[in-house]
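**Student:** Numbering-wise, the working numbering comes out as the position in the sequence shown, counting from 1, plus 7.
Zero decoy hints are in this set.
Think about it this way: if two alpha-carbon atoms lie no more than 25 Å apart in a straight line, the pair counts; the simulated BS3-like pairs of lysine-lysine are:
no., residue 1, residue 2
1, Lys-364, Lys-332
2, Lys-156, Lys-128
3, Lys-199, Lys-166
4, Lys-246, Lys-328
5, Lys-199, Lys-172
6, Lys-186, Lys-166
7, Lys-140, Lys-172
8, Lys-172, Lys-270
9, Lys-140, Lys-199
10, Lys-205, Lys-156
11, Lys-364, Lys-328
12, Lys-332, Lys-367
13, Lys-364, Lys-246
14, Lys-199, Lys-156
15, Lys-166, Lys-156
16, Lys-128, Lys-166
17, Lys-284, Lys-270
18, Lys-328, Lys-367
19, Lys-355, Lys-367
20, Lys-205, Lys-166
21, Lys-186, Lys-199
22, Lys-166, Lys-140
23, Lys-156, Lys-186
24, Lys-205, Lys-172
25, Lys-128, Lys-186
26, Lys-246, Lys-367
27, Lys-284, Lys-172
28, Lys-246, Lys-332
The following label-pair restraints were derived from C-beta to C-beta distances:
no., residue 1, residue 2, range
29, Ser-254, Tyr-203, 53 to 61 Å
30, Gly-253, Asp-366, 20 to 28 Å
31, Leu-213, Leu-372, 46 to 54 Å
32, Thr-239, Asn-285, 31 to 39 Å
33, Arg-196, Tyr-241, 39 to 47 Å
34, Ala-243, Tyr-203, 43 to 51 Å
Simulated from the structure, these hints should not be mistaken for laboratory data.
Cβ coordinates follow ideal geometry from the N, Cα and C atoms, glycine included.
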Amino acid sequence: MKNSCTIAFRALAIPCILFLYYQLTPNKMFGCPVFFFCIISFINRRDNCAKLTRRGNLERERKKKKSPSFVRKTIYRGIRYCIMMDRDVYMRRGLLGTSTGIAEETLQPYEIGRFAYVPGKIVYCFTIIMESKVIETPGLLSRMLESFKRRGISLVHIKASRQYKDQPPVLVLFADMTKRLEALSDIVRELKAMEYVKQVIISAPLFNGFALETNLFPLTLLGERVIILRRTLYEAFLKELRSILGSGYASLMYYTGLEMGRKAFRYHYEIAGRDLKNTIAISEAIFRIVGYGIMKILELDLSIGRARIRVHHCFECEIFKNSGKPSSHLIRGMIAGWFSELLRRRVKAIETRCIAKGDKYCEFLVMGRR
8 MKNSCTIAFR ALAIPCILFL YYQLTPNKMF GCPVFFFCII SFINRRDNCA KLTRRGNLER
68 ERKKKKSPSF VRKTIYRGIR YCIMMDRDVY MRRGLLGTST GIAEETLQPY EIGRFAYVPG
128 KIVYCFTIIM ESKVIETPGL LSRMLESFKR RGISLVHIKA SRQYKDQPPV LVLFADMTKR
188 LEALSDIVRE LKAMEYVKQV IISAPLFNGF ALETNLFPLT LLGERVIILR RTLYEAFLKE
248 LRSILGSGYA SLMYYTGLEM GRKAFRYHYE IAGRDLKNTI AISEAIFRIV GYGIMKILEL
308 DLSIGRARIR VHHCFECEIF KNSGKPSSHL IRGMIAGWFS ELLRRRVKAI ETRCIAKGDK
368 YCEFLVMGRR
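Generate coordinates for the entire structure from the input sequences, incorporating the hints supplied.
**Tutor:** Here it is in structure tokens:
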């Protein structure tokens, strides 16, 4: 207001002084154009003054809108507390575990593969395909096993697939039929007569001692096809790729992992019912069961876009042990992609610790980019 009055005073003072000068001076020809010039100047200044006044009013209104009331501030803080879920909230409410390590003594290798090798024995494979209702029927598995027990037949290997959507549950039994080959047809007939059993398929041994299940294909996980690579194969693949690409290897693996991590988060988020706590649990579990390593999200602060992740037994870094430098590029990219989808922004993932350079585990720091 004070500035507006000052401008108005100056705009009025100049033409008033010149008007008196016009009245008092004998040379009217000089004073007349100056007078009209001052009138035009006055009009322009008046318009500018009005514009400044309106602008000042708009600024004050805008500031009022930007300054929420106490009630509104309280509501905003409550929403931020419930939605933003920063690190302290996660730790207090148990959304992130507090354990930072794993019990190595409890870890046991899990041998996969639908085959059995018992030298000197005649092993047959029984593939039992069942209806989905079998899950709700207690005691059916025990009755199946009883068919072998009564005849003195030992089972050397058992595999079962879980039901997923329309896929039926399947039980695979490998039995030592060395002394009871004559009971083979009776066992099959008895199994087929059981409730909710749709089909029983027998696979003869390829040779004495070795039986293989060949009817179930392809391998799937959560409804999608998967493949299995033994270390001999993926180690040769990664090392040969690095030797061919040289310095470009790290970028290729990182950006490949980046897209993999983004898609993994979207899929896990849908499975978890769009619940972040469950999404974290599912992602950590699947990371372990597919063999990448044992991952744990130690810290997560959504408000600033920062996280700390620890991975034990990282498959990628194990093959580059004693290299003396951080060697995770695919897994690092997957972690970056996963968190970029979570945070809805670009992130940077840095491997701060690595078993390839002598640390006990690999650790990654994720930071959001502006």
